[in-house]
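Peer 1: Each chain is listed here by its residues.
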Amino acid sequence: MNGYLSRILFGSSRGTIASRLLCGFFLCLTAGLAACTLPVPAEESQTLVVYSGRNENLVAPVIESFAAETGIKVEVRYGGTSAMAATILEEGENSPADVFYGQDAGALGALAKAGRLQALPEDVQSLVDPSWVASDGSWIGTSLRARVLVYNTEELAVEDLPANIHDLTDEQWRGRVGWAPTNGSFQAFVTALRVLEGEEAAKAWLEAMIANDVQVYPKNTPIVAATGAGEISVGLVNHYYLLRFLAEDTEFKAANYHFSEPGAGSMVNVAGAGIVDSCANCGAAEAFVRYLLSEAAQDYFLSTTHEYPVVSGQRELPSGAVPLDMVALPEIDLSDLEDLEGTLTLLRAVGALE
Amino acid sequence: MNKPLFVPMWLRPQSRSGQARLPASLVLPAVLVAGLLLLPLGYLVFRATGVEPSVWRDLWSPSTLRILGRSLLLVIGVNASVWLLSLPLAWLVVFSDLPGRKLWTILVATPLVVPSYIGAYVLIAMYGPRGLLQQWLEPLGVERLPSLYGFPGALIAITLFTYPYLFLGLRSAMMSLDQSWLDAARTLGQSGWKTLGTLLLPVLRPALAAGSVLVSLYVLSDFGAVALLRYTTFTSAIYLYWQSSLDASAAALLMLVLVILTMVLMGLEFVLRGRARMARTHAGTGRTITPVRLGRWKYAAWLLLGGTVFMGMGNPIVVSLIWLVKGLAAGATLQPVWQAMGNSLLVSLLAAITAVLVFAVPTAYLAERYRKLSARLPARAAYIGFGMPGIAVALSLVFFGARHAPWVYQTVYLLLLGYMVRYASLAVGPLRTQLSRINPRMEEAGRLLGFSEIRVLWRVTAPVARGGLLTGTALVFLSTMKELPVTLLLGPTGFNTLATRIWSATEEAFYARAAAPTLILLLVSALGIAAIFSGEEW
Amino acid sequence: MTADRAEPATEPDPKVPPAAGFLSIRQVRKGFDGSSLVRIEEFDVVEGEVMALLGPSGCGKTTTLRMVAGLSPPESGSIVMAGRLLDGPGVHVPAERRNVGMVFQDYALFPHLTVEGNIRFGLDGRSAESAGRARDMMELTRLTHLADRRPAELSGGEQQRTALARSLAPNPHLLLLDEPFSSLDASLRKDLRREVRRILQATGVTTILVTHDQDEALSMCDRLALILDGEVQQVGTPRELYWSPRNENVARFIGDVNLLPGTADGSTIVDTVLGRLPIQAARTGSVRVMLRPESIQVSYPEDQASVMARVLDVEYYGHDQVLNIRLQTGEELLARRDAIQPFLPGQTVSVKPVGVFPAYAPDRG
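Residue numbers (the numbering used here), protein chains in the order written: chain A, 6 to 359; chain B, 48 to 585; chain C, -10 to 354.
Simulated from the structure, these hints should not be mistaken for lab results. C-beta: ideal position from N, C-alpha, C; glycine also. Treat the hints with care, since some could be wrong.
Label-pair restraints from in silico Cβ distances [as the list claims (entries may be wrong)]: (1) A:G288 with B:L420: 43 to 49 Å; (2) B:V365 with A:E256: 17 to 23 Å; (3) A:E256 with B:Q386: 50 to 56 Å; (4) B:S108 with A:E127: 45 to 51 Å; (5) A:L132 with B:Q386: 33 to 39 Å; (6) B:L150 with A:D344: 54 to 60 Å; (7) B:L574 with A:S265: 38 to 44 Å; (8) B:L574 with C:A191: 51 to 57 Å; (9) B:L574 with C:T133: 40 to 46 Å; (10) B:K419 with C:E220: 41 to 47 Å; (11) A:A119 with B:L115: 29 to 35 Å; (12) A:D165 with B:V365: 32 to 38 Å; (13) A:P135 with B:L79: 30 to 36 Å.
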């Protein structure tokens, strides 16, 4: 085999030391592969499988402490929220997933709509304010993320900032605003806008923004980066990205601003979890969801991922974060935000998705 | 061996028709593997059947056509710039007397490993309107650099990630050129420049065609770079459609349009490649090439090579180092990446070797030696996977694996199949180019010495076509090193690679954590290519 | 490898048509799809002989060779070697199972292997026996000192000898040489012909040599077959084909010809301008008599008894010379003479045909 591989890949008669070494290396790799792919059959049923659309860097510590505390073995598959939800949809009944943990109410809703999430026990649902729980109880919010306007602190002071999103269509903001129309949180915000102010007003606002030369980014992070760099002055984003930039670069020149008037611009979205209907370890799955709502996990979200907790308690906010009860929240129920199709049609109609 | 096994009727020429028969021992594996590689296509068709009429309306809207037009514009632009860049680069490392051509080859090829989402991000960080370059120039009064966003940025970024496809293919084709051809052209009174047009380009046609197809398919299937650089293409539109609604059937329908585009491109490749055989016809064995003296041109050569390598590898390295330093200064913690590195190397090398040996060798051989349509189909089948966005390939295999092959689902085996579906086509082009240069008499000589066709393939053809095999191996290796969606969805649960680490860190703006794996990815890939090319004769 | 090879069948196979030679080709058709057409009714090679297939390029000789090798199967007909049916209805033994060696026109040496590697390629891997065989072959072909060279580092002649040694090493039943000298320069060619002839004699292998060069065919082989337009015109010894060609086309292809019109009276004597000439078979009516330049004796001083002619032109070759002469009756003839006696254009000479000549019907121009 060695000689064969080497002849094909490197030519036997040359037989340089390097090529021999490489062949040996390949053989070791193959052996290693065989070892690492041996199936783990018997234990499988005792291992909780989580499909996480939430980033490993954010939630791995919580999952580890859950495993340590309960003794339940956990395997996590990380990916994008929509990719993970789509994976469960494609896998069908054979899905190895017990829990879906995502950071976008849209993906949770899509799974629920396809009947792939089973209802959570009443006592779990009751742990959280009903506005953060799916109306059919199929998924539950585990932490909150607020929509904010991130702004460049070199260029602007709080007094210069608009009171609501409509002010951003003023001439003075021409070409200075960033948004991410392809992003799930932004789309949830547009849905909220449609619900709160009606279809026509939402359309008018989107068109006015586009006419005002709004800058398009693929997602939140580049908007925050561009704002800090001064490429744009302000950006419509989720609140916690900035806090991560600040953690790595204390001189990062940007801050968050919550619109002073209540409206879609200051709405709050959820990250949440649900138990997959085909779960093999439904008990462990329930324990996991419960753990995400525990004091320890909620503390972790607040202090480390800079999200707002869903279970109330006395906690100290990290620097730069505004307490949620001081934010001018709109009156809106998350289950009113299901009409994503309508939002996409609207965004497409005004040309925001090109 | 004498009695053929089962061979489908359409592949079986009439007995004793005088035409060479397709050998079952090659047809079977080729058809089998090509069939596996076509799984995603089957999935798309299956999914698209559930599509609602409203989607058709969306599909045929003027905006769809506009976006499609934009994709095609980018395809044309990137091809032009990749040709302009790759031809001189390949020429320099093959024909010139430049010192360190081996090292340059490795450095010039390595940018292929930069994932497009990271490459585009780095470009913005360096050359964006308020990027690092602007910061360095600020003392000179530069407030803002011209915007990189839109077509120019997408063009630059994708050129930088794709030119190695053409560069490596051209290089391998140029190395198999015969000095006597070049000499013959000179004696016919052609200067060095003229031979480029009259001899070099025509002879390199297969390599140019194969490379251009890869580049074009990459442009069509990429969405990471175009999204960051704010240039909406057809694929980014599909991705958005799918991501926002999780509506697989609508996305599948749109992706079938992409598959049709892929087929059109392959038709173009067929025309570009030409029908001529390029095998040497004279007796004896070719002599090696004598290097061309660059003279004063060497400074221009250094500039071109150095500039390319800086743009491709230097930028990511500089930006990663800055992230690393800033992050460490702010107290960010790093994570060990040794396991991810091991995994990356393991699956990439295995994918590369499997793609070359199991898929590329039989299909390229069939396509090149039996020049009939049926013999060429298996080699073509692989391109469909390369022209599809990775997420589509991944989801189709999730569907297939979870429902019909649970025993391999979420194991390395299905992951490798996923890599094959995406990248096996990369290995076919260089090999075909090389095979078209090999004198078929040599294979006949092997058979007359008592070896069956398939054994001759392994004992004569493969070693002689080593350059093409190694180039194919390098291309698949580099591409797999950076692969993301298939790895995330099909890998064993908890399976980490350098690419998933980088993605996971940049996704949530943990740039310091992304820096180390990015640097290691570049380093390890460069070493990997060096090792792969160490088997070559220089 | 040697184990794979089918030994010649010891008992006659009832399916195998009766064969006259070691290799028998019967009713073979090939190339009706448009490539060069081959129709061979009957062609036999005797064991141990060197047979040449001679013909102009495109006549189908290489196609015939490739059919024998098993590289391109005939469309119909049969090929039998050593009592074993290689091609026939429903039968096609692949090239690798025929135990046939072949030297290609361009040698097709394996560039990734050394001379020794090339020669050992068809032998059984690592055995001591095969090493010995390879050594013997290198000795026979005088390549021992080049054993470790790559083909790219060899001269044309060395490459050719390597190709020969490679094809002879597995001890083939039949050796095929496809224009083996065509890519060598003329001075080298002669030496190599002699060298190859020596090697073939030393091994005693049955050989088919394809060539378009009549000198090569005549000098190297025991028998030769002339192929024109895809059909075998005549098979015989070099002497037979040279002196008794079956028709004018054969005569013209092998050597220079003089054709003299004459009248036969049903016996073996023909009246011509050169007098009454003996012919090989009885004929009646007008015929054309073929005289080789060698059978026209030219001399001076003039011999009044013979026919007179004038020298038009002299081609001097060193070993001999060819004179272009014109008879008093106006016919122009070629005559070959030894190189010793000088001739000059304008000179008058006497002409005397010597021998018994073939004669053809005059229907063809």
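Peer 1: Next step is simple, just say for each hint if it's right about the structure.
Peer 2: Hints, verified against the model:
no. : hint                           : in the structure
1   : A:G288 with B:L420: 43 to 49 Å : violated, 58 Å
2   : B:V365 with A:E256: 17 to 23 Å : holds, 19 Å
3   : A:E256 with B:Q386: 50 to 56 Å : violated, 34 Å
4   : B:S108 with A:E127: 45 to 51 Å : holds, 46 Å
5   : A:L132 with B:Q386: 33 to 39 Å : holds, 37 Å
6   : B:L150 with A:D344: 54 to 60 Å : holds, 58 Å
7   : B:L574 with A:S265: 38 to 44 Å : violated, 56 Å
8   : B:L574 with C:A191: 51 to 57 Å : holds, 54 Å
9   : B:L574 with C:T133: 40 to 46 Å : holds, 43 Å
10  : B:K419 with C:E220: 41 to 47 Å : violated, 30 Å
11  : A:A119 with B:L115: 29 to 35 Å : holds, 30 Å
12  : A:D165 with B:V365: 32 to 38 Å : holds, 34 Å
13  : A:P135 with B:L79: 30 to 36 Å  : violated, 56 Å
Hint compliance for this structure: hints 1, 3, 7, 10 and 13 are not met, and every other hint is.
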